[in-house]
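Asker: Each chain, written out:
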Amino acid sequence: QKEVEQNSGPLSVPEGAIASLNCTYSDRGSQSFFWYRQYSGKSPELIMFIYSNGDKEDGRFTAQLNKASQYVSLLIRDSQPSDSATYLCAVNRAYGQNFVFGPGTRLSVLP
Amino acid sequence: DAGITQSPRYKITETGRQVTLMCHQTWSHSYMFWYRQDLGHGLRLIYYSAAADITDKGEVPDGYVVSRSKTENFPLTLESATRSQTSVYFCASTPATPGNTIYFGEGSWLTVV
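Chains A and B, in that order, are what the protein sequence lines are. Positions 1 to 111 (the numbering used here) are the ones given, in order, by the first sequence. Positions 112 to 224 (the numbering used here) are the ones given, in order, by the second sequence.
Just chain B, with the same shape it has in the complex:
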């Protein structure tokens, strides 16, 4: 049972470069999420998706782009990375059934230099 897998797990990139973080889930969950976690801010929602081809902004969407052409994949792209985007990024998913919990991937550690 693979669950949610994120790649890369660790990435160092330069300011201004485009970076894509991949997320793949094997449960066929309808909902998928991208969070970033920073000291002092906790988990903040970047984008979420209720189904394939349906995405919506979360609390901190600026500088990020998402797509969801297939139910199982939800990539997050930083179009032009900035140092403030240095963070840990967690992908998560949950079924559409109300009351279900949210399941997290292992995280992607991104450093922008």
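Same shape as in the complex, but just chain A:
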């Protein structure tokens, strides 16, 4: 079992719809959870981070964390074509600064 898993996609949604991206992790001691967006040919850039169970909203983005289920998700409301990218889930373990990345989910927002 990989430490951080994501559906590879591609996930296609129409413009204006809600895109839902999911991530599961295996290390129960994980403390910090991050979502990065990566455009083709570019480096990953941080969208959101979440530390506590529940929801965290930032503009059109909502991160959801359920530590009991070892599950973190990212919702993108009112999806735009400019949201088309690969979304990487990252988990920071409880010890040290050891980030583990999922393989990413490719999102395509259709005009």
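No wet-lab data here; the hints were simulated from the structure. Any given hint could turn out to be false.
To be verified - Chain A regions said to be covered by chain B (calculated; three or more residues, Cβ under 8 Å):
#: 1; stretch: 24-35
#: 2; stretch: 38-48
#: 3; stretch: 84-93
Ideal Cβ positions, reconstructed from N, Cα and C, are used throughout, including at glycine.
Using the hints provided, position chain B relative to the given structure of chain A.
Answerer: Showing chain B alone in chain A's frame:
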């Protein structure tokens, strides 16, 4: 605010040659990392460093060497490049404070022919 800069951004080299990818950060972050990213594998950690003169292996260290004599620099050397090392290499850094995010450089595209 320069952040993290990588050089060269693009490099073509021949099998067997030594190649060094440079990474420089201006934030004085304690931790620095080298990742490679390949289709189907995502980001894989090559080496990381918790501070100057402290380095440790990641998931895929074979064929690579790192050093960190100064906090701001973390070069990655391919001692004898192989075609399987054709990849995009990302340098990254983060402060020592738990919970902080990781920041990436722009990447170095390396092709080994």
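Asker: If a hint holds in the structure, say so; if it doesn't, say that too.
Answerer: Here's how the hints hold up against the structure:
1. 24-35: Holds, because 3 residues of the stretch 24-35 of chain A bring their Cβ atoms closer than 8 Å to Cβ atoms of chain B.
2. 38-48: holds (count 5)
3. 84-93: Three-residue rule met by the stretch 84-93 of chain A, so holds; n is 3.
Checked against the numbered hints above, the structure breaks none of them.
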